[in-house]
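Novice: Chain by chain, the residues:
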Amino acid sequence: MTGLRLVPVVVLGLMAAATTTVDPIQFEDCPAPRFVTRTGRTARKYLPQTMAGGVAVFDYNNDGLLDIYVVNGATMPGLVKDGPQYSDRLFRNNGDGTFTDVTETSGLAGHGFNIGVAFGDYDNDGFEDIFVAGVHRDTLYHNNGDGTFTDVTERAGLARPDPQYGKFWAVGAMWLDYNRDGLLDLFVVNYVLWDPKTEPVCEKGGLPDFCYPRAYTGVPNSLFHNNGDGTFTDVSAASGIRQSIGKGMAVTAADFDGDGWPDLFVSNDTLPNSLFLNQRNGTFKEAAVENGVAFTENGAAISGMGVDAGDIDNDGRPDIFETALQNETMPLFRNLGQAGFEEITFASGLAHASLAKTGWSNGIYDFNNNGRKDLFAVCGHVMDSEGSLHATVPQSNIIFANLGDRKFADVTAAAGVALARRGVHRGAAFGDLDNDGRIDVVFTELDGPLRILRNVSPAANHWLLIRTIGTKSNRDGIGTRIRLVTEDGVQYNAVNTSGGYASSSDVRVHFGLGRRTLVQELELFWPSGKLQVLKKVKADQVLTVREP
Amino acid sequence: MKLRIALALALAWLAATDASSQPQLVPSSQNGQTKPEAENDRLRQVLEREPNNKEALFRLGRLMIEEGDFASAGSLFQKYVLISPEEPGAWAYLVRCAVGQHDSGGAAGAQRQIERLAPANLALHTQAACWLAGSAISEVTRSEFELVMSLAPHQTSSGGLWYSRLGQCYEHAQEPNRATRAFQAAIDLDPDTEGHYFRLAHLLAREGMVGRASEIMTSAVAHFPHSVTTRVEAGSLELEAGNLERALELQHQAADIDPQFPGVLSLLGRIQLAQRRYPEAIDTLEQAARLAPADAGIHFYAGQAWMKTEQGTERALDHFKRSLELDPDRASTYYWLGSLYFHRNHEYRVAVRYLEQAVDRAPELEAAHQMLIQAYKRLGEDATAARQLQRYQEIVQQRAKVEAPK
Numbered sequence: 142m143t144g145l146r147l148v149p150v151v152v153l154g155l156m157a158a159a160t161t162t163v164d165p166i167q168f169e170d171c172p173a174p175r176f177v178t179r180t181g182r183t184a185r186k187y188l189p190q191t192m193a194g195g196v197a198v199f200d201y202n203n204d205g206l207l208d209i210y211v212v213n214g215a216t217m218p219g220l221v222k223d224g225p226q227y228s229d230r231l232f233r234n235n236g237d238g239t240f241t242d243v244t245e246t247s248g249l250a251g252h253g254f255n256i257g258v259a260f261g262d263y264d265n266d267g268f269e270d271i272f273v274a275g276v277h278r279d280t281l282y283h284n285n286g287d288g289t290f291t292d293v294t295e296r297a298g299l300a301r302p303d304p305q306y307g308k309f310w311a312v313g314a315m316w317l318d319y320n321r322d323g324l325l326d327l328f329v330v331n332y333v334l335w336d337p338k339t340e341p342v343c344e345k346g347g348l349p350d351f352c353y354p355r356a357y358t359g360v361p362n363s364l365f366h367n368n369g370d371g372t373f374t375d376v377s378a379a380s381g382i383r384q385s386i387g388k389g390m391a392v393t394a395a396d397f398d399g400d401g402w403p404d405l406f407v408s409n410d411t412l413p414n415s416l417f418l419n420q421r422n423g424t425f426k427e428a429a430v431e432n433g434v435a436f437t438e439n440g441a442a443i444s445g446m447g448v449d450a451g452d453i454d455n456d457g458r459p460d461i462f463e464t465a466l467q468n469e470t471m472p473l474f475r476n477l478g479q480a481g482f483e484e485i486t487f488a489s490g491l492a493h494a495s496l497a498k499t500g501w502s503n504g505i506y507d508f509n510n511n512g513r514k515d516l517f518a519v520c521g522h523v524m525d526s527e528g529s530l531h532a533t534v535p536q537s538n539i540i541f542a543n544l545g546d547r548k549f550a551d552v553t554a555a556a557g558v559a560l561a562r563r564g565v566h567r568g569a570a571f572g573d574l575d576n577d578g579r580i581d582v583v584f585t586e587l588d589g590p591l592r593i594l595r596n597v598s599p600a601a602n603h604w605l606l607i608r609t610i611g612t613k614s615n616r617d618g619i620g621t622r623i624r625l626v627t628e629d630g631v632q633y634n635a636v637n638t639s640g641g642y643a644s645s646s647d648v649r650v651h652f653g654l655g656r657r658t659l660v661q662e663l664e665l666f667w668p669s670g671k672l673q674v675l676k677k678v679k680a681d682q683v684l685t686v687r688e689p
Numbered sequence: 047m048k049l050r051i052a053l054a055l056a057l058a059w060l061a062a063t064d065a066s067s068q069p070q071l072v073p074s075s076q077n078g079q080t081k082p083e084a085e086n087d088r089l090r091q092v093l094e095r096e097p098n099n100k101e102a103l104f105r106l107g108r109l110m111i112e113e114g115d116f117a118s119a120g121s122l123f124q125k126y127v128l129i130s131p132e133e134p135g136a137w138a139y140l141v142r143c144a145v146g147q148h149d150s151g152g153a154a155g156a157q158r159q160i161e162r163l164a165p166a167n168l169a170l171h172t173q174a175a176c177w178l179a180g181s182a183i184s185e186v187t188r189s190e191f192e193l194v195m196s197l198a199p200h201q202t203s204s205g206g207l208w209y210s211r212l213g214q215c216y217e218h219a220q221e222p223n224r225a226t227r228a229f230q231a232a233i234d235l236d237p238d239t240e241g242h243y244f245r246l247a248h249l250l251a252r253e254g255m256v257g258r259a260s261e262i263m264t265s266a267v268a269h270f271p272h273s274v275t276t277r278v279e280a281g282s283l284e285l286e287a288g289n290l291e292r293a294l295e296l297q298h299q300a301a302d303i304d305p306q307f308p309g310v311l312s313l314l315g316r317i318q319l320a321q322r323r324y325p326e327a328i329d330t331l332e333q334a335a336r337l338a339p340a341d342a343g344i345h346f347y348a349g350q351a352w353m354k355t356e357q358g359t360e361r362a363l364d365h366f367k368r369s370l371e372l373d374p375d376r377a378s379t380y381y382w383l384g385s386l387y388f389h390r391n392h393e394y395r396v397a398v399r400y401l402e403q404a405v406d407r408a409p410e411l412e413a414a415h416q417m418l419i420q421a422y423k424r425l426g427e428d429a430t431a432a433r434q435l436q437r438y439q440e441i442v443q444q445r446a447k448v449e450a451p452k
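Protein chains in written order, with this note's numbering: chain D, 142 to 689; chain A, 47 to 452.
Since the hints were derived computationally from the structure, they do not count as laboratory data.
Honestly, I wouldn't trust all of these hints.
[Claimed, not checked] Some chain D residues near chain A, calculated using beta-carbon distances under 8 angstroms:
| hint | residue |
| --- | --- |
| 1 | 433 |
| 2 | 436 |
| 3 | 484 |
[Stated by the list, open to error] To list a few chain D residues with every Cβ distance to chain A over 12 angstroms, as calculated:
| hint | residue |
| --- | --- |
| 4 | 185 |
| 5 | 252 |
| 6 | 301 |
| 7 | 422 |
| 8 | 423 |
| 9 | 438 |
| 10 | 442 |
| 11 | 456 |
| 12 | 497 |
| 13 | 553 |
| 14 | 562 |
| 15 | 599 |
Small disclaimer: the values here were computed from a predicted structure and weren't measured.
For every residue, glycine included, the Cβ atom is placed at its ideal position computed from N, Cα and C.
Excised from the complex, chain A in its bound form:
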C-alpha cells in the first residue's frame, strides 16, 4: 500500500504538472458535468455509503486540493490518517493542505510524521519539499529541504531526476540558493543527463553569476563531446551574457556536428541579430523555421529580426503570431505584437488586445503598461487609461520599497 501511495503521489504530481499547462476542463458527453465534477459526485456517494472507504477519502482529498479547497481536503486526509496513521503519503498531502491554509503547526506535525514513517523516501520528501517551497512556513520548509538534501549521498543516478525537480520547485519559488544546491546535486548524482547542467547554468545566469554559469556549461561541453544540444545551450548562454565571440565559437562547434539542426541555425540567427546583421539573421532564422516549423522560439526570433527592417512589419507579425500559437504563454511575444500594432500599424485596438495579455502574464513588464496606457488614450478611453496607470503605479511602489536603502 505504501508503495502504491508513493507511486500515486508521483503520478499525481506528474498529472498535476501536465494539468497546469492544460487548465481547461473537458465537459462529459453525458450530462454536461465536467469530469472532475462527476468524479466528485461519485466519490461523495461512495463515502455516504462507506464513510471509511480509504480510496474514496484519498481520491476526493486530492480532488479538493486540485480545486484549491484545502480545508475540505485537510478534513478528508485527517480522517484518512485516523484510519491508517502509518501511511506517509497521506501525511504528505496533509503538508500540502497545511501550506494551502498557511497552517505552520499543521505542516510541522505532518512533516514529522513523514520523517518518522519514511525517513529515506526521496520521492515523498521531494514532493513535500516542493509543496513547501515559497511558503511562509519557513522553518518547516528549511527542515524538509535539508532533509531531502541529506538523502543525496545515498542515492543512485536515478535520484538526479528528483533533485532536478526539487531545483525547479525552488527556482519557481524564487529561492535561487536552494535551487542551485538541488540542481548541483542532480548533476553530481546523474552527470550523464544534459538537462541538469542546462537548468543550473540558466539559473546562475539569471542570478547574475554569469562566470559560474559559463563554467557549468564548459564542463557540460567537455562531458558531452558529441552533443549538438549542449553546444547550442552553451552558446545561447554566452550570447545572453554578451560574449558574442564565445557564442559564435560554440555555434561553429555545433554546426560541425550537425549543421542542419534547427537549434544551430537559431543560435546563429540570434548571434547575427546581436551583431545587427539583420538580413543575414532573417535568412538564417527563416531557414531554421522551415526546418522546425513548430518551434515557438525560432518564430519569436524571426519576428525580432524582421521587425528591425522597415518593410518587415507584416512578416514580423506573422512570425510572432505563429510563435503565440505554439506557445501561448510567452508574455514577451504578446508585448512585441502589441508594440508592432501600436508603433508601426497604429492599430490601437489590436495593440490593446495583445498588451493586456502581456501585462496579465507579466505584470512586471512595465513598458507594456506604458504602451497600454498610451493605446487607451489614443482610443479616447481615458478612464481605462487611468485604471491602467493605477496598476502600473502599484508596481512602481513595490519596486521603490525593494530599492529603498536599508
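This is chain D alone, in the form it adopts within the complex:
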C-alpha cells in the first residue's frame, strides 16, 4: 500500500457535483468479544428498550492497552438483571487482537437496566473509575487498582432520588472539572420522567410500537460537585443547570467561548439543545438560542441524539457535530468565536447524505491521519425492529471525510463492507485499540453483537497520541487544551472522554500529522492554568505528558 494514494470522492450536491480527492478511510471487522446488548424484548413496548447500548474504551489496568466496558439492559418492566445475558461486561485487551472477559473478577456485572457509561479518575489515584447511567438507578464504581471495582454509589451520595422528580432515567454522563479545582465532577444526562406502570401504549400501522418522546415529560440534568473525600454534592440547582428542562440524550464539554473554562452542550430529544456556558464562579448560563445552536436551519427542535465537540477547521474553536433522527440531517455547528455558532450542515455537504439516517453515537476524529478531523456516526432507527417499520430500522453507519475548507464527503461506500453492514446501532466509543495510531471504533447494536471496526486506512500518514497526567489538575488531565504545530500548520484538540451517545472514548488525545514526522511545538493549557510547551516532538508515538 502506498501512503499517498488518494481516492476520488464526490462532494454531494444534487445540481452540481464536484469531484475531489482525499486520503482513503477504511475499516475492517475485528473479532469482538462475545456480547449482545439485551433490551429485555417484550410484546408491550417500553421506551428504554430503544435506548440501551453504552460502551467505553479505556485502560482500567494501566497496561497501555484500551479495554472495553459495555453496559446492558435488563428484564422489562422489572428492570432486573435476572441472568448472565443481562450482565454488563468488562473485556481486558490482551494486546494481540483478543480480549478476555474479566467481568466476574472485576465486580462490574452491574444491576438494573443500564444505558450509558463514563469513565474518569475522580479520586486522582491513577486508576480510571466508572459511572454507569441507568433507568432509575445509577452506579459509581471505584477502581481498586488491582483489577477489581467497588460499588460506592451510596457512600458517594449518588443514590438519592430527586426530591421533585423521584428516580431519574439517566442515559449518559460526563466527567469534567467544571470549577478547575483539580477534581473531576460529574454531569449526568437525564432523559424523561418514566414509569413502567404508566407507560403509554402506541402503535404504528396497527402494530404496537414505541411512543414518541412527546408522550413523556422532560426533566433537568444533574451536576454533582466532587467534594474530594469520595463524596459528591448535588449542585444542579446552585449551578443553574437545573433551570433548563430537557429530554437529554448526550453531553459534551469544550471551551466553546474561549475563556479557558469548560462549557457544556446537551442534545435534547424533540426539545431545543442546551448550551451551558461556564460563568467561572460555579454557575452556568444556558445560552443555546442566543448562540445559534438550539435549533437547526430546519426550524424545529430536532430529535437530538449523540453529540461531539471538536475543531473541524483547525481554527482553535471547538465545533459541534450532532446526530438526529432520519429526515432531520446531522447538524454541524461551526464555532465563530465567543460561543457564537453558525450551522453549516448544508454548506458542508452533510445534509443530503445524513437525511436518510438516524444517527446515535458519533465522534470527531482524524481517521486517515491527514491533519483534518472527520465525522463518524453509528446509525439505526428508533422505532420497532419487529413491527411495521422493520425494513427501515437497521441502518448502515456513516463516515464523512473532511475535505478541508469546511467541506465533507460521505465516504462510507469506500470505507469497507464492515462499515456498510446494517444494524440497529446505538453506542460507539472511539480509540486506538492496537496503538497503531489509527482510531478504531467499538459499537453496539440493540439485541445484536458488540462490534469492533479496526481502522486500516492505508495512507502512511503520521500521528501522535498524547496521554496527559495531571498533578495540580485532575489526574486524567480532562479539559486540557492542546495546540500542535507542524510545518503544515496548527491543529487543536482537548482531553475529553465524553462524546457521542451513552459512551466514553479514549482519554488520549489523537492528532493526525499527514506527512510530517516532527511536531515543532506542542502547547498544553492545563485546567490548573499552567501552560506547558514541548518542542521537537517525534511523530508516531504515544506520548505521556506530566503536568509540571
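We have chain D already, so just place chain A on it with the hints.
Specialist: Chain A alone, transformed into the frame defined by chain D:
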C-alpha cells in the same frame, strides 16, 4: 323584525369574517374620513335627533363592537333592549359586549334572554356560542355550547353549516373537544359536504389522533367515490402522519380521476419531497405551479423542494415570495425566506425583515427567534438581539410552566 335582525347577525358575522382578512380601512373620497368614521358620525347625528332610533342604536352598537369599544356598544344595546326587550338579536350582541368586558354576570343574563326568546334559533345560538368560545366566562360558554348541540337532532342538512362554523370557532379558541363534537354534528347532519370531513380530520390529526383522522377520511373517500379533492385531502393527511405508502395510494386514485388537477400534482410533489426525490419533486411542483399559478401552497412546497438543492436558492426564494404575495399571513413562509437569506445568502438585513414578520405572526416559532437573534448579532445590533432574546425567554418560561410535572 326578528327575522331581519337574525339575518343581519348572520350577514354581519360574514362581513366581519371577511373584514378580518382585509383589515385595512378605505378612505372616503370626500373629506379624508374613513367609511366607518363617517358612518359613526352620521349615526350619532341621527341619535342626537332621535335618541330612541332603534336602527341607529343597533348599527352604532355594531360599529363600536367592531372598534373594540365594548363598553359603549353595551350601553347602546342596553338602551335598545329597554325599548325592544323581546328581540333576541340585540341580547346576542349584549353577550358579545359582556365577553369583551369579561362580565360573566352580564353574559349570563343576556344568554338567558336569548334562550327565553329564541330557544331553537340555531343561527343566533351558534353566534352567541362562537362569541363565548375561548372566553373566561366558562359556565355560560358551556351552557350555550350545550344548548347549540342539543338543537342538532332537530335540524335539517342545512344546519350542518352552522355546526361547521361552531367547530371552527372552538378550534380557533383551542378547545378541540368541543370543536370535534361540532364538526361531527356537521357531518351527521350534512354528510354530503366534503369540507365537514376535512375539518374534522385535520383537527383530529393536529391533536395527535391520527388513526381517527384517517378513519374519517376513509369514510369520506367511500362517500365521495368520484371526488378528486377528497382523495387529495386524505392523501395529505396520511402524508403528514408519515404514512407515505397510503398517501401515494390515494394520490394514484386521485390521478386516475383527474391527473391534471393541481392538487394531485401538489400531493405527489410533497410525497416526493418526503421521499427525498428532490429533482422529481421540483418537476412535479413546477408543473403544478404552472397549472395553478395562484395557489400559495404549491409555491410554498416548490420553494421547499428547490431549497434542498445546492443551486436552487434563488428559485426557492422566487417561489416563497410568490407564495407570500398570494398568502401574506403564513408565518412559515416568512421563516423560510428569512432562513434562506440568513444561511445561504448571508443577507442578514433582509433575513431580519422576514424573520420579524415570522415571529410577529407565530411567536411560538422558536427557531425564528434564534435566527433573528443571530441576524441582529451579525449586524452588530447587540441591543436589539438582547431584546429579541428576552422575547424568546418569555416563551420558554411559558413552556416550562406547561411542561412542569403536576
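Novice: Please name the hints from earlier in the document that this structure breaks, with their numbers sorted from lowest to highest.
Specialist: Hints 9, 10 and 12 not satisfied by this model.
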